[in-house]
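So the chains spell out like this:
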Amino acid sequence: MKVSRRNFFVTTAAGAAGVAAYGTESPPITPPEALARYDWIVRKWGASFTDEQKVDLMRLISDNERSLVTMRKYALDNGVMPDEAPK
Amino acid sequence: MNIVGMSVRELGEHIRKKEISPVEVTQTFLDRSDRIGSKLNAYATLTRERAMNEARAAEGEIAAGKYRGPLHGIPYAAKDLLAAKGYPTTWGARPFAKQMFDRDAAVIRKLHDAGAVLIGKAAMIELAGGMGYRFGTASLQGGAKNPWDETCWTCGSSSGSGAIVSAMLAPFAIGTETWGSIICPSAYCGISGLRPTFDRVSREGAMALAYSMDKIGPMARTADDCGLVLAELSSFKYTRAPRSLRIGWVTNAWTTVQPDIARITSDALNVLKSHAKVEDAALPEGPWEIAAGVTISVEGASAFDMLIESGRLNELTDPLGKIGGYVNATVSGADYVRAQRIRTIIRKKMDDMFKHVDVLAAASLPVAATTMETNLETDLAFSDPLGGIGNFCGLPAISVPSGFTSKGLPAGIQFVGKFGDEDAVLAAANLFQLSTSWHTKTPPSVS
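In order, the protein sequence lines correspond to chains A and B. Numbered as in the working numbering, the first sequence ends at 87 without a single skipped number. Numbered as in the working numbering, the second sequence ends at 534 without a single skipped number.
Derived by calculation from the structure, the hints in this document are not laboratory data. You may find that some hints are simply not true.
So these bits of chain B aren't anywhere near chain A, every CB distance computed over 10 Å [claimed, not checked]:
1. Ala184
2. Ser289
3. Met440
Derived DEER-like restraints, expressed as beta-carbon distance ranges [as the list claims (entries may be wrong)]:
4. B:Met139 x A:Thr70: 51 to 59 Å
5. B:Glu106 x A:Ser48: 58 to 66 Å
6. B:Asp466 x A:Ala36: 44 to 52 Å
7. A:Asp51 x B:Asn140: 49 to 57 Å
8. A:Glu52 x B:Met139: 28 to 36 Å
9. B:Lys528 x A:Ala47: 27 to 35 Å
Everything numeric in this text was worked out from a predicted model, so none of it was measured. In this text, a Cβ means the ideal position worked out from N, Cα and C, and glycines have one as well.
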């Protein structure tokens, strides 16, 4: 696991390795949730995006989605309450 | 008398005894800030008129026998995400370049009440890095240059605050940290920087990035100075009295460490062992960093929702910052709440850990300052469990200088305490600085 501390996203090594050159097409390992998020962003704000930004965007979302999957796998009992601000 | 190299405590003592004039001190630091600060991209704005008014007021009060305390007449800089009436507060970002507020942030009011003199707004990474950034140049003011090597970056997001204290343009500065933004610049710049417990210092009038993780804290030459400043910013009662300490040496803070940093850190560990009880400590394993990252991303997307919605992220400087906010805005509510439930777990684990130790210690960073051109996404990507956990749980921490690499770049050691226990981290840092002299070193190019 490595962290790009400057974008606050956590990316797995597999995710980073998955950043092959892939134009505006999605890479084969992209989770469907990532594609949905990408499509939503591009539909809403994409008019001003360059092709390079679209590639970057897809990579960021894919890496982010893989991190979220890791977080979702962490076992939590139903009764664990959220701690929204340390006191 | 060489006032620019003095600590806050030393300078304050001379001012109290009327051996040095606050007006003279302020003029000296303003002139240095004007001359050297612009070269380093250290400032967003110099507040010269306000500074001279505050300095003259301090001088008059002290002459009349009304001495306010150790910060009376001491110049300082505040990160440009803190509102200061009458001056721009740009948040380091082009979309806010002309932003003005009609009142001071609570921190600036408190320092004013303590008699401190605001000489400028410190440059910073745009939006404190909340939309992501790939390069140290991600700032409306340009990349802050490291006084120890101007081809290197100061780290961020309190980039200007680090440069200002390191280059002795002010005796102290105010920075903020959501994750790493005080500890990293302090380590890169060879200064002392204190990240207080979450909510210790009022955030009123400060730009919000992550509502449950933002902290405001002092950066200065010494840990002692950080304690003095924190006592004025909050209800914290600072005492320099030594106390016995149990130090947990974190064995899994960094996966790999540069050889120079490993040598410096080993020497620092030996210093600690000669003065305190030190035992190995391992951080618990889990998705803490991911959960902390999700929290910052989502809260940042909310804090800047109008900017994101407007599509104006493209006006930011950094290529990552231009798109990162859109990604943040699409993280689900369920994932955010899950991150907060994970916070409950890690807070409990850390509470348990601090039953056995007073502070945790480790190298502040596994590397020394990197060049301005370094791609932070690819070349400075490493796991940071102590920073992630510490910030997620709101734990206080301090970074103090611990030595120099073979290239003459500073390194730091950090101490992290349990929630609310700044006293322990300051005691550990004071202990270290009483036994070493790294904090007295100054960059040759600005000395």
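Tested hints:
no.	hint	result
1	Ala184	holds (20 Å)
2	Ser289	holds (14 Å)
3	Met440	holds (15 Å)
4	B:Met139 x A:Thr70: 51 to 59 Å	holds (55 Å)
5	B:Glu106 x A:Ser48: 58 to 66 Å	holds (60 Å)
6	B:Asp466 x A:Ala36: 44 to 52 Å	violated (31 Å)
7	A:Asp51 x B:Asn140: 49 to 57 Å	holds (53 Å)
8	A:Glu52 x B:Met139: 28 to 36 Å	violated (48 Å)
9	B:Lys528 x A:Ala47: 27 to 35 Å	violated (52 Å)
Violated hints for the displayed structure, listed by number in ascending order: 6, 8, 9.
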